[in-house]
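From first to last, the protein sequence lines stand for chains A and B.
Sequential numbering from 0 applies to the first sequence in numbering that gives the first Met the number 0.
Sequential numbering from 0 applies to the second sequence in numbering that gives the first Met the number 0.
If you are wondering where the hints come from, they were derived from the structure by calculation, not from laboratory data.
Predicted model, so just to flag it, every value in this text is computed and none were measured.
Be aware that one or more of the hints could be misleading.
[Unchecked claim] When the alpha-carbon atoms are kept at most 25 Å apart in a straight line, the in silico DSS-like pairs for lysine-lysine are as follows: (1) A/Lys-128 with A/Lys-10; (2) B/Lys-30 with A/Lys-107; (3) B/Lys-46 with B/Lys-24; (4) B/Lys-45 with B/Lys-24; (5) B/Lys-122 with A/Lys-30; (6) B/Lys-30 with B/Lys-46; (7) A/Lys-128 with B/Lys-30; (8) B/Lys-3 with A/Lys-128; (9) B/Lys-46 with A/Lys-107; (10) B/Lys-30 with A/Lys-30; (11) B/Lys-24 with B/Lys-3; (12) B/Lys-38 with B/Lys-49; (13) B/Lys-105 with A/Lys-10; (14) B/Lys-3 with A/Lys-52; (15) B/Lys-30 with B/Lys-49; (16) B/Lys-122 with A/Lys-10; (17) B/Lys-3 with B/Lys-122; (18) A/Lys-30 with A/Lys-52; (19) A/Lys-107 with B/Lys-45; (20) B/Lys-24 with B/Lys-38; (21) B/Lys-3 with B/Lys-38; (22) B/Lys-3 with A/Lys-10; (23) B/Lys-24 with B/Lys-105; (24) B/Lys-45 with A/Lys-128; (25) A/Lys-10 with B/Lys-46.
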Amino acid sequence: MKNIKNRLTLKVFFLIIITDVLESVAELFFKNGATATGMNNIGLHNFLEFTFKILSVPSLWIGILIYAVNFFVWMIILSRIELSVAFPIGSTTYIIVPILSIMFLHEKVFLLRWVGILLIIIGVYFISKSTENEPHKDEP
Amino acid sequence: MNLKIFLLILLHEVCSTAEQILFKKGADNFKQHRFRHFKDFFLFLKKLLKTPIIWFAFILTGASWLIWFVVLAGTDLSIAIPVDSLQYVMILIASFIFLGERMNWKRVVGTIFILLGVLLVAKS
C-alpha cells in the first residue's frame, strides 16, 4: 500500500512538468527584476539598498505570484512522491525549453545539447524505475 | 566567477535544500488527502498554511531568494545554473539522511545522468 502510493504516476509527472514550465517563466521575471535595479556590485554595504530597490520592481512581484501558484502545485506533488524523485525530474525544464524553441522558433540545436537532452531523458527513466516496488520488509 | 559568487551560490543551495526538506516534511501530513472536488484544494491550502514547518520553510525560501538575486545581479545565468546543479546531489543525500527515502542504484544513476545532462544543456 505504502509503496504503491509512492510510485511516479503519469498524473504526478505532468504536474511536475507544469511546475517546471512555470518556474522557468518566473526565473526570467526574476532575472529581469535583478537587472532592473541597475546594481551589479552587491556586498554587505549596499545589501539593504538592493533589497528595497528590488522590492519596487514589478517583474519581481509577477515572479513571486507565479511562485505562489507553483508552491501550491509542488506541495501536492510532494504529498504524493518522494523528494529525491520529484526534484531531479524537475529538470525536464531543460528539455522543454529547447524542444519548444525548435518547434516554434525553428532554432538550431547543437549536438552537445541533444546529448544533454538524451542524458536527462535516460535519467528521468531511471528515477521513475527507482520508485517501483521492491520486496520491502514492512510489506505484509 | 569569483570566490564570493561561488560561496553565495553554495549558500543558496544549502538554504534551498533545507527548504525542500521542510516542505516535504509538511507535505507528508497530506498523504491521505484526496482531491476530488474543488473545495478539496481550498481545504488543502488552508491546512497547509496552518502547518508551522511550512512557515519555517518560507523563511528559508526568502533567504535563498535574496542570495540568488545577489548572485544573478553579479553574474550570468549561464554561469550560475551549472554551479547550482550541484543541488541534485545535495537533495539526493539530504532526502536519504533526513527523510529516510530510498536510495537505490537506479536513483543514484538517474540523478547522475540528469546532472550531466543539465550541465551539457546549460553549457551549449
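Tested hints:
1. Pair hint A/Lys-128 plus A/Lys-10 holds up; C-alpha atoms about 16 Å apart against a cutoff of 25 Å.
2. Between the alpha carbons of B/Lys-30 and A/Lys-107 the distance comes to roughly 44 Å, so the proposed pair goes past 25 Å and is violated.
3. The hinted pair formed by B/Lys-46 and B/Lys-24 meets the criterion: a straight-line CA distance of about 14 Å does not exceed 25 Å.
4. Of the pairs offered as hints, the one joining B/Lys-45 and B/Lys-24 holds, with about 17 Å between alpha carbons and a cut-off of 25 Å not exceeded.
5. Distance hint between B/Lys-122 and A/Lys-30 is fulfilled; the C-alpha atoms sit about 18 Å from each other, no more than 25 Å.
6. Of the supplied pair hints, the one linking B/Lys-30 and B/Lys-46 holds, its CA atoms being roughly 13 Å apart against a limit of 25 Å.
7. A distance of roughly 21 Å separates the Cα atoms of A/Lys-128 and B/Lys-30; the hinted pair therefore holds under the 25 Å criterion.
8. Between B/Lys-3 and A/Lys-128 the CA atoms are separated by roughly 39 Å; this puts the pair beyond 25 Å, and the hint is violated.
9. Taking the CA atoms of B/Lys-46 and A/Lys-107, the gap is about 47 Å. The hint is violated against a cut of 25 Å.
10. Straight-line distance between C-alpha atoms of B/Lys-30 and A/Lys-30 comes to about 35 Å, which puts the hinted pair past the 25 Å bound.
11. Restraint check for B/Lys-24 and B/Lys-3: not satisfied, since their Cα atoms lie roughly 32 Å apart, outside the 25 Å limit.
12. Restraint check for B/Lys-38 and B/Lys-49: the C-alpha separation of about 17 Å stays at or below 25 Å, so the hint holds.
13. At roughly 21 Å between alpha-carbon atoms, B/Lys-105 and A/Lys-10 fall within 25 Å of each other, so this suggested pair holds.
14. Of the supplied pair hints, the one linking B/Lys-3 and A/Lys-52 holds, its CA atoms being roughly 22 Å apart against a limit of 25 Å.
15. Proximity of B/Lys-30 to B/Lys-49 is assessed by CA-CA distance (about 16 Å); at most 25 Å being required, the pair is judged to hold.
16. Between B/Lys-122 and A/Lys-10 the CA atoms are separated by roughly 31 Å; this puts the pair beyond 25 Å, and the hint is violated.
17. For the suggested pair B/Lys-3 and B/Lys-122, the alpha carbons sit about 22 Å apart, so the restraint of at most 25 Å is met.
18. Taking the CA atoms of A/Lys-30 and A/Lys-52, the gap is near 14 Å; set against the 25 Å cutoff, the hint holds.
19. For the hint linking A/Lys-107 to B/Lys-45, the alpha-carbon distance of about 46 Å lies beyond 25 Å, and the restraint is violated.
20. Taken as a hint, the B/Lys-24 and B/Lys-38 pair is honoured in the structure, with Cα atoms around 23 Å apart against an allowance of 25 Å.
21. Among the hinted pairs, B/Lys-3 with B/Lys-38 is inconsistent with the structure: their alpha-carbon atoms are about 47 Å apart, more than 25 Å.
22. For the hint pairing B/Lys-3 with A/Lys-10, the CA-to-CA distance comes to about 41 Å; that exceeds 25 Å, so the pair is violated.
23. As the CA atoms of B/Lys-24 and B/Lys-105 are separated by approximately 24 Å, the hinted pair is consistent with the 25 Å bound.
24. Distance restraint check for B/Lys-45 and A/Lys-128: the Cα-Cα separation of roughly 34 Å exceeds the 25 Å cut-off, and the hinted pair is therefore not satisfied.
25. Distance restraint check for A/Lys-10 and B/Lys-46: the Cα-Cα separation of roughly 23 Å lies within the 25 Å cut-off, and the hinted pair is therefore satisfied.
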